[in-house]
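Please put together the full structure from these sequences, using the hints given.
Residue numbers (UniProt numbering), protein chains in the order written: chain A, 1 to 674; chain X, 1 to 674.
Treat each hint with caution, since some may be false.
The list treats identical chains as interchangeable, and a pair is accepted whether it falls inside one copy or across any two copies.
To be verified - Listed next, the in silico DSSO-like pairs over lysine-lysine satisfying Cα-Cα at most 27 Å (straight line):
#1 Lys476 - Lys580
#2 Lys229 - Lys133
#3 Lys108 - Lys385
#4 Lys403 - Lys639
#5 Lys560 - Lys476
#6 Lys232 - Lys360
#7 Lys578 - Lys560
#8 Lys107 - Lys440
#9 Lys341 - Lys219
#10 Lys578 - Lys476
#11 Lys133 - Lys232
#12 Lys560 - Lys580
#13 Lys366 - Lys639
#14 Lys219 - Lys107
#15 Lys389 - Lys435
The hints are simulated quantities; they were obtained by calculation from the structure and are not laboratory data.
Being a predicted model, the structure only gives us computed values, none of them experimental.
2 protein chains.
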Amino acid sequence: MARAHWGCCPWLVLLCACAWGHPKPADLGGQDVRNCSTNPPYLPVTVVNTTVSLTALRQQMQTQNLSAYIIPDTDAHMNEYIGQHDERRAWITGFTGSAGTAVVTMKKAAVWTDSRYWTQAERQMDCNWELHKEVGTTPIVTWLLTEIPAGGCVGFDPFLLSIDTWESYNLALQGSNRQLVSITTNLVDLVWGSERPPVPNQPIYALQEAFTGSTWQEKVSGVRSQMQKHQKAPTAVLLSALEETAWLFNLRASDIPYNPFFYSYTLLTDSSIRLFANKSRFSSETLSYLNSSCTGPMCVQIEDYSQVRDSIQAYALGDVRIWIGTSYTMYGIYEVIPKEKLVTDTYSPVMMTKAVKNSKEQALLKASHVRDAVAVIRYLVWLEKNVPKGTVDEFSGAELVDKFRGEEQFSSGPSFETISASGLNAALAHYSPTKELNRKLSSDEMYLLDSGGQYWDGTTDITRTVHWGTPSAFQKEAYTRVLIGNIDLSRLIFPAATSGRMVEAFARRALWDAGLNYGHGTGHGIGNFLCVHEWPVGFQSNNIAMAKGMFTSIEPGYYKDGEFGIRLEDVALVVEAKTKYPGSYLTFEVVSFVPYDRNLIDVSLLSPEHLQYLNRYYQTIREKVGPELQRRQLLEEFKWLQQHTEPLAARAPDTASWASVLVVSTLAILGWSV
Amino acid sequence: MARAHWGCCPWLVLLCACAWGHPKPADLGGQDVRNCSTNPPYLPVTVVNTTVSLTALRQQMQTQNLSAYIIPDTDAHMNEYIGQHDERRAWITGFTGSAGTAVVTMKKAAVWTDSRYWTQAERQMDCNWELHKEVGTTPIVTWLLTEIPAGGCVGFDPFLLSIDTWESYNLALQGSNRQLVSITTNLVDLVWGSERPPVPNQPIYALQEAFTGSTWQEKVSGVRSQMQKHQKAPTAVLLSALEETAWLFNLRASDIPYNPFFYSYTLLTDSSIRLFANKSRFSSETLSYLNSSCTGPMCVQIEDYSQVRDSIQAYALGDVRIWIGTSYTMYGIYEVIPKEKLVTDTYSPVMMTKAVKNSKEQALLKASHVRDAVAVIRYLVWLEKNVPKGTVDEFSGAELVDKFRGEEQFSSGPSFETISASGLNAALAHYSPTKELNRKLSSDEMYLLDSGGQYWDGTTDITRTVHWGTPSAFQKEAYTRVLIGNIDLSRLIFPAATSGRMVEAFARRALWDAGLNYGHGTGHGIGNFLCVHEWPVGFQSNNIAMAKGMFTSIEPGYYKDGEFGIRLEDVALVVEAKTKYPGSYLTFEVVSFVPYDRNLIDVSLLSPEHLQYLNRYYQTIREKVGPELQRRQLLEEFKWLQQHTEPLAARAPDTASWASVLVVSTLAILGWSV
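Structure (structure tokens):
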């Protein structure tokens, strides 16, 4: 799980917020927040003065004859993490939370954000800003209708509204005598001026062939073949998501935190390949790798990133049909393509193809998980020795596990901000420690680590929860029920093309049985050195059906407010299942290789099938990770691994079912008195 | 499960067809079908000559200046079963299958139907008609575009197209220079003339208070209170589904096969109650029960059924907002209400309220299930004696169980056409025997009975599958896995407001595990002397979330083409679950009280939890049905019940898990050699 979002792209933020339930705001009651009702208002030192920038923004609005201007929290590609130069909402409001929309009128300014961020917003915003606690377009439009006069215009940057969001605003404003006005020059950027951080400009590089599943030429041919087979015969595919272009060309960079992407679009037509990016970022080797000096159908023409809208508009003048993935294409592109020339699907063929890994990609992803397990095991061994000394805190722990990952071969940094949470902090939905604010790790508390790495061969994501002292019976029960959920879903056999939504309850049943549950989703896709939350694979209602070759995380949890949090997350490959009777069935093969915490497992709650599964999994861990630890002379870690993967045995006295019944019967037959 | 449809209303037919997968056509290869390619064409005797009626229809079309006319298979209320006078498609084409749309142009006539009906259509239609094997509006519109000239008009009866279906035609025709024309006078009816069967005219009667959960006045007040609380403040609710009006006023009749309804609409406003029906069908007692002679807000004004469209149109001229359930309101009503005066939800507040039974309604439904169990048990006991004699066939069996139900108190006929299927016939998706075509019951084959009754206090639906001889190991395994599915879902504990879709896989897991599955849905709501397939409760994606007080069937199955079919269906009440830790959790309480077939259960596949559940269920059956059998002096049936509800015991030798492990350990401890 990631800190702020539940998918690779912010179009999923709401889903995430919903799935977690409405998380209670962290108890920051004692914190220093603004008070705008006193005269003069009370403003804590954390507040940003926005008077000057708001005045300048209103001047721009006046020039454009706008009554209001919408400032979303997105970028032009619906990225999960956005670059500093795209943090327009944060800059104009002072409020830096990852979710929230601002709207400015000539007289007022307001922010809408969810409960996770209310306190933070009250600490960061000055009294120019109203805080609204409902989210979605409806409350924003309701407010707009009372704040701006009939006939008023509501401006927005069309590259910051998805098609769906635009439609939602448009529908809500219909018949209200206020109209939406698309303005391609961002007004906040005009005000921000030279203070605005520069757009990243690091080199864009090609992955070595050893780390790619297919050449870019093979991928281009594959997509073109899908275009030909499509009944609406699209003449081009437009790729708006950065991961699409990165995947298609096997190119990477580091424009986005945690995601190895670069700002780009691709227009792949039946006769040309047009890559929109900053040409100066390509080395001559990379340009030659892309055949960028020729003009045939297998040559990549590089055009400037800023030209994409005009180029699409010009292309759309011809007898063409442009295929787009509507979930993540922005209105700024959509509005320049005539409707009859659009071929729409929720996800582009690139997104759909990328979701199913070929055998080489599977092998690469698995290999990265073996090395990732080494880093996590090194950290767990280190914690076991150092936590009792009282010298480890959440933040230094997170730094250490990041460092261990960084020492692994092919490492390219963490795949998201490490969640290192001790005790009650692990029950917070989106917690990450900071250098200033963190908690000490202790043998008296549970500790949750949710972290992952980017490696040239794959992206990883794993969560383990541990206790070094004596956990309570309830903690053990909750942990074991979470573990059962993980096992029940991991070993489930289900028909091919079943949607994840239909089976995710298997990860919850053992918790439900006791009146427990968790408020977030059960898993998400993952990429080969791409997104750690890679759509459209997963267990939510808008995920696509499961197919052989997909990878997904499986991550049930349990959270006790103010006390502790448990999550057990593994990445699993969807594989064919061998069933007694022939049929097309699937199951999961777990590729995360770190044992669970024996100290937290109540074996009496496990069925023989659970134990059998667990012991087989432990045997696999030994086989995969053991030799790697030995090869690297990590002998202490090897010993630890052997200890923690010892087969678990049934505990007869605790079982209340078959076991006791039959022992009793057996003894009875033998004439024993019981 | 019902024969033709999967819900109370045909808007669900497609769902049903999808859920079952595309059922193979019954093997009727040897049957006598038409051959239009010979000269003269070969026509079997079963064919209907439609030349005269088609000519007359085309004259009507010419009068209206139509290039094409659509003849759907629905009625004006989206009823699951339709009256004979509504069987327009069957009359004009000769093809009597329950699903299929006809379209007539000036030159051609065509029918679109699914694979279940292809052979039947070829036996019943003459060569005036083309048969098209794809279903949905898209293939129809594709055909229309080639068959009718640009500028052509496509006529339809707006009372026979749902809002969704109209939108789908409208969207597909957009930009094609062909337009849809709504014609309120049905052109087929004009041609049908005096031959058309009369509209039912039996008395409409009020249910005795003993059989109603609330008075109609209480229900009216409840709906008005929901109108007041609604944020869009509707001034009226329009009820289009016949079950809505029947439920609201506690009125019943017998216009529709298997459903105790009468043709009607209700417009319930904040100050009036307008019931559209045939006034002559109300006795003076019923009129006085409805306060129909006064004009206050709690008086029911009865207006003629045929006036509904004009009355709604007139009402919509005022400052009003009309709340409708869009899933089952027809375009003929929808088109006369200005969009800004519509308040739309998928289901009306009546549909939503009706879905949750109050405690009296729960008690009534349960009581009907006890008597229903008596009828089914009488039949099973009779079969056990008579099947070995070789004198029972599927049709006479169905007649007998219908007769036994008819002898129960408060009986009002079957709730759907009894599915009585022996051997391979039970594997057919929509099989019911006829007097002419049926199969003998035998001790060598499995027999599936899916049937239900209408009683004044409740509607029932139960499926049992039996074998009187020696079932094969595979039959026992499949039966037991279906039973495990039924148990696993029935005993599931899940959070309040979980959607059925999220949990229905628990009914499939035991089958999936072995590579088996079933192609239909897992359950549907059921009414109090209303629909046997009552929406919107159930396990499909368009069902609403589960809530305490709802009733649903639970009915996994397994079907082996050409060999046998298994389905085990019970009706269950959604009740609060007691969990170890406090929370809002639900589970099911099964209210069908007929034991499963011991002869088909492989106990070795059952876990201790399954056995415990089953034995507790059997104990409940004894407690509920036993006294009723004794009271009625049905002593043979009582004895049968006792035998068939004997507690089942674990069979140690077959268990491969805890059991054997522990017995072995125990014996080992005792020094036995094993």
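Hint-by-hint comparison with the structure:
In this assembly of identical chains, Lys476 and Lys580 lie within 27 Å of each other by CA distance solely across copies; the values are 15 Å between and 35 Å within a copy. Taking CA atoms no more than 27 Å apart as the test, Lys229 paired with Lys133 passes between copies only; the shortest distance there is 22 Å, against 48 Å inside one copy. Taking CA atoms no more than 27 Å apart as the test, Lys108 paired with Lys385 passes in neither setting, with 56 Å inside one copy and 85 Å between copies. In this assembly of identical chains, Lys403 and Lys639 lie within 27 Å of each other by CA distance solely inside one copy; the values are 22 Å within and 75 Å between copies.
With identical chains, the CA atoms of Lys560 and Lys476 are at most 27 Å apart within one copy only, with a shortest distance of 13 Å there and 45 Å across copies. For the identical chains of this complex, Lys232 and Lys360 are neighbours neither inside a copy (32 Å) nor across copies (56 Å), given an alpha-carbon limit of 27 Å. Taking identical chains as interchangeable, the C-alpha atoms of Lys578 and Lys560 lie at most 27 Å apart only when they sit on different chains, with a minimum of 20 Å there against 39 Å within one chain. In this assembly of identical chains, the alpha carbons of Lys107 and Lys440 never lie at most 27 Å apart, being 47 Å within a copy and 84 Å across copies at closest.
In the homo-oligomer, the alpha carbons of Lys341 and Lys219 lie at most 27 Å apart inside one protomer (24 Å), although the nearest pairing across protomers, at 52 Å, exceeds that limit. Taking CA atoms no more than 27 Å apart as the test, Lys578 paired with Lys476 passes between copies only; the shortest distance there is 21 Å, against 33 Å inside one copy. Proximity of Lys133 and Lys232 under a CA criterion of 27 Å is satisfied inter-copy only: 22 Å between copies versus 44 Å inside one chain copy. For a Cα distance limit of 27 Å, the shortest separation of Lys560 from Lys580 across copies, 15 Å, qualifies, whereas the shortest one inside one copy, 41 Å, does not.
For the homomeric pair Lys366 and Lys639, the shortest alpha-carbon distance inside one copy (23 Å) is at most 27 Å, but the shortest distance between copies (62 Å) is not. Taking identical chains as interchangeable, the C-alpha atoms of Lys219 and Lys107 are never at most 27 Å apart, the minima being 52 Å within one chain and 49 Å between chains. Taking the shortest Cα distances, Lys389 and Lys435 sit within 27 Å of each other inside one copy (20 Å), while across copies they are farther apart (86 Å).
The structure fails to meet hints 3, 6, 8, 14 from the earlier list, while all remaining hints are met.
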